[in-house]
Amino acid sequence: MSTIEKLTAAVRSSIGSTASRRLRSEGIVPANIYGHKQTPQAVQMQADIVHAMIHSGSKVFDLEIDNSLEKVLIKDIQWDTFSKHVMHIDFLRVDPTERVKVEVPVTLRGTAPGALQGGILEQPMHTIEVECLAVEIPESITVRIGSLQLGESLHVNELTELPAGLTVLSPEDSVIVHIAHEAPAVEPVEEDAPEDPADVPATAEG
Amino acid sequence: MALMPKRVKYRKRQRGRIKGNATRGNTVVFGEFGLQSTQAGHVTATTIEACRIAAAQYIRGTGAKLYIRIFPDKSVTARPLETRMGKGKGEPDHWVAVVKPGTVLFEIAGGTHDAARDCFNRVAHKLPVRVRMVERPAG
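Protein chains in written order, with UniProt numbering: chain X, 1 to 206; chain P, 1 to 139.
Note that these hints are calculated values from the structure, not bench results. Among the hints, a few may not be true.
Calculated cross-link-like contacts (lysine-lysine; reagent style DSSO-like; alpha-carbon spacing at most 30 Å) [claimed, not checked]:
id, chain 1, residue 1, chain 2, residue 2
1, P, Lys-12, P, Lys-100
2, P, Lys-87, X, Lys-75
3, P, Lys-100, P, Lys-126
4, P, Lys-12, P, Lys-87
5, X, Lys-101, X, Lys-75
6, X, Lys-71, X, Lys-84
7, P, Lys-126, X, Lys-84
8, P, Lys-87, P, Lys-126
9, P, Lys-87, P, Lys-6
10, P, Lys-100, X, Lys-84
11, P, Lys-12, P, Lys-74
12, X, Lys-84, P, Lys-19
Chain X on its own, in the form it takes in the complex (with noise of 0.2 Å):
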């Protein structure tokens, strides 16, 4: 479950690409904060803060901005390349009372007897979107695969162990794991596949 960590954040004057790339040379992340059909604001925070706020689990958080505070959720983080410094954050304002629509991550319990077996455990849905209130994000939804033997599938609508209060939104016909047959050692030769590199065809004459 989120826990509400208090943030601080300045108003960010600078707006733009090239003034975004001088702060972000300066350990500072640009960010914008939206929602509730209010103004747009762009901020900016200390990149380690940045990091220990993504790293702390928590997906809402109180935002201190100017001596006034703002509760906000991570909407979205934008990362450089490598996944190593985060480039932008997105935060929308919420209400602790206001149901809010989040992608949840999947964690998966116990082993499969299928994968045991010589089964491939195959994982389609890793995140899944839910609807729920703000102060009330789980951290993760724990999906147990002890029972899950080979050739069969979990879907969304078979979830058992789902916070109280917690709606759904993902494809009930959706597959979180599926144990596959392991496919055999020899793969099928496409017969219409050409052999030699210089024999592939050409569309268009160049």
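Chain X is fixed; fit chain P onto it per the hints.
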């Protein structure tokens, strides 16, 4: 058999330059662990196949699954041996995938962190670019 396109619009491509970092295909999407390039380069279809075999042999029976995130869609031409210069551009010789810094080349779903690291270590020895192991970000 090595990967190559079934059909292309133009058979012969210009070499081009690889500039900048990868802005797409730079995150782990399908599995839990990924092998991310930190250099730019061309990875040939033969190399991808060698990597696939090395990884498949390692993860066989462990319940893990390998994903190949790159595809060799660029043709490289070559001249036949003992041929004089001129007479136009050579015929397509092999196919390469253009890799930018940040491109996730392979992914592994299932298995432990140590097993994925050992598997990627075997794969990394076959690649012409420096790589690092990355994990799916929590949440």
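Quick rundown of the hints versus the structure:
A C-alpha spacing of about 21 Å is found between Lys-12 of chain P and Lys-100 of chain P, which places the hinted pair at or below 30 Å, so the restraint holds. Distance check on the hinted pair: Lys-87 of chain P and Lys-75 of chain X sit about 59 Å apart at the alpha-carbon level, beyond 30 Å; violated. For the hint pairing Lys-100 of chain P with Lys-126 of chain P, the CA-to-CA distance comes to about 17 Å; that is within 30 Å, so the pair holds. Of the pairs offered as hints, the one joining Lys-12 of chain P and Lys-87 of chain P holds, with about 15 Å between alpha carbons and a cut-off of 30 Å not exceeded.
Between Lys-101 of chain X and Lys-75 of chain X the CA atoms are separated by roughly 10 Å; this keeps the pair inside 30 Å, and the hint holds. With a C-alpha separation of about 27 Å, the suggested pairing of Lys-71 of chain X with Lys-84 of chain X holds against the 30 Å cut-off. Distance restraint check for Lys-126 of chain P and Lys-84 of chain X: the Cα-Cα separation of roughly 26 Å lies within the 30 Å cut-off, and the hinted pair is therefore satisfied. With a C-alpha separation of about 35 Å, the suggested pairing of Lys-87 of chain P with Lys-126 of chain P is violated against the 30 Å cut-off.
A distance of roughly 27 Å separates the Cα atoms of Lys-87 of chain P and Lys-6 of chain P; the hinted pair therefore holds under the 30 Å criterion. For the suggested pair Lys-100 of chain P and Lys-84 of chain X, the alpha carbons sit about 17 Å apart, so the restraint of at most 30 Å is met. For the suggested pair Lys-12 of chain P and Lys-74 of chain P, the alpha carbons sit about 8 Å apart, so the restraint of at most 30 Å is met. Between Lys-84 of chain X and Lys-19 of chain P the CA atoms are separated by roughly 20 Å; this keeps the pair inside 30 Å, and the hint holds.
Violation of the numbered hints given earlier is confined to hints 2, 8; the remaining hints are satisfied by the structure.
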